[in-house]
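Each protein sequence line maps, in turn, to chains G and W. Under numbering that gives the first Met the number 0, the first residue of the first sequence carries the number 0, and numbering increases by one thereafter. Under numbering that gives the first Met the number 0, the first residue of the second sequence carries the number 0, and numbering increases by one thereafter.
Worth flagging that the hints you see were computed from the coordinates, not collected in a lab. The C-beta atom is built at its ideal place from N, Cα and C for all residues, glycine as well. Certain hints may be false.
[To be verified] Capping the alpha-carbon separation at 25 Å, the derived lysine to any residue pairs in SDA-like fashion look like this:
no.: 1; chain 1: W; residue 1: 391; chain 2: G; residue 2: 247
no.: 2; chain 1: W; residue 1: 295; chain 2: G; residue 2: 361
no.: 3; chain 1: G; residue 1: 266; chain 2: W; residue 2: 295
no.: 4; chain 1: G; residue 1: 391; chain 2: W; residue 2: 367
no.: 5; chain 1: G; residue 1: 299; chain 2: G; residue 2: 179
[Said to hold, decoys possible] Output of the computed footprint for chain G on chain W, the stretches with three or more beta carbons under 8 Å from beta carbons of chain G:
no.: 6; stretch: 47-53
no.: 7; stretch: 152-160
no.: 8; stretch: 282-292
[Stated by the list, open to error] Which residues of chain G face chain W? A partial, calculated answer using Cβ under 7 Å:
no.: 9; residue: 251
no.: 10; residue: 253
no.: 11; residue: 255
no.: 12; residue: 259
no.: 13; residue: 287
no.: 14; residue: 288
no.: 15; residue: 345
no.: 16; residue: 379
no.: 17; residue: 383
no.: 18; residue: 387
Number of protein chains: 2
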Amino acid sequence: MKAAGLVVEYNPFHNGHQYHLDQSLASTKADIAIGVMSGNFLQRGEPAIVNKWARTKMALAAGVDLIVELPFVHAVQKAEYFAEAAILLLEELQCDWVCFGSEQGNIEPFLDTYTLLKENTDFTSEHAKSYMNDGHSYPKAMALAYAELKKTHSNMLTLDKPNNILGYHYVSAILKNKLSIKPVTIQRTGSGYHDADLPLNSIASATAIRKELTADGRLQDVARFLPRTSCEILHDYQEEMQVWHTWEMYWPYVKLKLLTTPPDTLKGIYEMKEGLENRLISAAQTSATFLDFMTKVKTKRYTWTRLQRLLTYLLMNITNNDIPKELKPTYIRVLGFSQKGREYMQSLKKEKGHLLLTRPAASNDPILAIEQRSANVHASVLPPEMWQHVQKREYQPPVMLP
Amino acid sequence: MKAAGLVVEYNPFHNGHQYHLDQSLASTKADIAIGVMSGNFLQRGEPAIVNKWARTKMALAAGVDLIVELPFVHAVQKAEYFAEAAILLLEELQCDWVCFGSEQGNIEPFLDTYTLLKENTDFTSEHAKSYMNDGHSYPKAMALAYAELKKTHSNMLTLDKPNNILGYHYVSAILKNKLSIKPVTIQRTGSGYHDADLPLNSIASATAIRKELTADGRLQDVARFLPRTSCEILHDYQEEMQVWHTWEMYWPYVKLKLLTTPPDTLKGIYEMKEGLENRLISAAQTSATFLDFMTKVKTKRYTWTRLQRLLTYLLMNITNNDIPKELKPTYIRVLGFSQKGREYMQSLKKEKGHLLLTRPAASNDPILAIEQRSANVHASVLPPEMWQHVQKREYQPPVMLP
Chain G
0 MKAAGLVVEY NPFHNGHQYH LDQSLASTKA DIAIGVMSGN FLQRGEPAIV NKWARTKMAL
60 AAGVDLIVEL PFVHAVQKAE YFAEAAILLL EELQCDWVCF GSEQGNIEPF LDTYTLLKEN
120 TDFTSEHAKS YMNDGHSYPK AMALAYAELK KTHSNMLTLD KPNNILGYHY VSAILKNKLS
180 IKPVTIQRTG SGYHDADLPL NSIASATAIR KELTADGRLQ DVARFLPRTS CEILHDYQEE
240 MQVWHTWEMY WPYVKLKLLT TPPDTLKGIY EMKEGLENRL ISAAQTSATF LDFMTKVKTK
300 RYTWTRLQRL LTYLLMNITN NDIPKELKPT YIRVLGFSQK GREYMQSLKK EKGHLLLTRP
360 AASNDPILAI EQRSANVHAS VLPPEMWQHV QKREYQPPVM LP
Chain W
0 MKAAGLVVEY NPFHNGHQYH LDQSLASTKA DIAIGVMSGN FLQRGEPAIV NKWARTKMAL
60 AAGVDLIVEL PFVHAVQKAE YFAEAAILLL EELQCDWVCF GSEQGNIEPF LDTYTLLKEN
120 TDFTSEHAKS YMNDGHSYPK AMALAYAELK KTHSNMLTLD KPNNILGYHY VSAILKNKLS
180 IKPVTIQRTG SGYHDADLPL NSIASATAIR KELTADGRLQ DVARFLPRTS CEILHDYQEE
240 MQVWHTWEMY WPYVKLKLLT TPPDTLKGIY EMKEGLENRL ISAAQTSATF LDFMTKVKTK
300 RYTWTRLQRL LTYLLMNITN NDIPKELKPT YIRVLGFSQK GREYMQSLKK EKGHLLLTRP
360 AASNDPILAI EQRSANVHAS VLPPEMWQHV QKREYQPPVM LP
């Protein structure tokens, strides 16, 4: 079986995801689609609106054959690490392709950009240095140096679009690690990644869908942007759990933690740098809501996303020691599969059997222990019995497409 | 002015407290009554059902002239420390008497017991040793040795009643420290301290009142056990804050903390001994509610009260370093006063001015910093804006009787 790999968050699975899935299968003629999915917390440092099991169900219902978990320690990271860890996992899964959406829509510029940047490291680093001497920040200086190089190489990517950037990191991970997986890009259609408003057609960004859902909680207002099965699964989740998970719900935990933990202990949290702990404590003292708090702590340097990731680490109590040096997966954990996905896993057993996690409860991989913690933290805003229920779910078998 | 000191929790202030207050003033003919009161968390390791400001208002409305805060680090402690710290504070306040309720009702046996125990340390320690050799636990062996001594001294106290024990600790603190404050005991009337059911007369235990309130939240069912002013203050609190504070509400914080903190860090919490952290973590993994959890961890050795105190320390992040070696107060903090109480404080200024805390916000006493933390933790179950409000309240002036 030929497999197309997708790097996904499905928060929640919507028509745009369906289009991407269908196009990925059509353009590669793959037999199955495999999704590497972030678990309960996402790359931008947010709790998933519904937990990973519900999101796995949506993916399977829409036609993904296999959902494998991207561990927390790799998922809640800046784009570069996130992308490389996901690609390495797809490679272990012996995917033939990785299919990613991009504004660009053509794979050549991704490959060319990697090669050109590699050939011109001196050029870019010198230009960057000079821009920094002019007073620009490091990322800004790098962007300007990149633009300088692009002047004479029109085939280079336009790197100011979020999916182009992510795609570039996928391609770069493949070429850097000399992997056998082949990159394929699908032209994005409909809404931009960050668009916050709902469009007139049937494709809206997940951001806009979440915004609408969490504002008034009415599923019917976003139904036209979702496959029917996603709608049903979201409906059942809400009925059972009584919530859509948002940062605002976790705010009491964050606030109490900031106001009861000594600054020296907070300093031990992963990515808590440059006295940030004092800035957070002082903002927590004067903020009633998460929005208040974020508005107070956010700066150009400490972006919203970076702060959200930091607060996720704080909630989860992630320290430097928890983050592995290697991005290569230490295990493969299946969250769900279709019959075809199951057969694919069976065939993978010969070569990758040692990596397949069949009994999570029996494992003592520290990365998996953090996954358990993540399930606990994500569930901490549920009614007590539901929290308890989700906690136990963590040790149960994958979701099977009925 | 002559002052009668009372050691109180007023959780909430009820008719039994009114009787004790009236009797204390009548029997001593004191000009004013001063209450040393636990703040937001109580001796038995419980969140106060309403915060210290509401409880101060109830006390003032009922006729107490001055309410002074017993700091968290002394209040949430076993009876012996709690009692001694409270007495030392009343002594600094230059109270002429401490008036405590007891089942005994007569002060002589308290004084005699102290003297006799002091004279017979060899006798009791030898007997205790022998009982321990027979396999009894230390507290049980001490109780048996005490009973042995009492056989030949009928004037000794019966120490199996909670208020006799507390009273004995007050008297012992006075005699041990050679204080000038005089102990007076008031015969208790009506319900026992721990009685959980509501009686037919107008005096019910605070335990029974809280149980009824938190079960269905209806103030009218307990109104006959409370002064009208207490009722009004409780009503306003509930209307504003929307809650009665119970352990069950803090349970999500406790659970999340237990499930995200490494055992080695938990070990640093004050009174976390003998691998208790692992016992707590494992119970938290399988408990939906606080009641479930407590039922699982409770043993003969780790009593309900002892565990509640430990969980309070956990919530508050109290470590050994936070607990001062000395029980003597480092400051006197007034929570509220009547006009008479205010005059008394003025007259105290000459001698005790250095101890009087007039601007909490400007102090850097570490014991007071813990008080701020305690206000924060207690308020963490309120709606966000109310939490914020209570947090600020901590730095504002005392309550004045209107």
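Quiz prompt | Violated hints - listed by number, lowest first | solution = Hints 3, 4, 5, 6, 7, 10 and 15 contradicted; others consistent.
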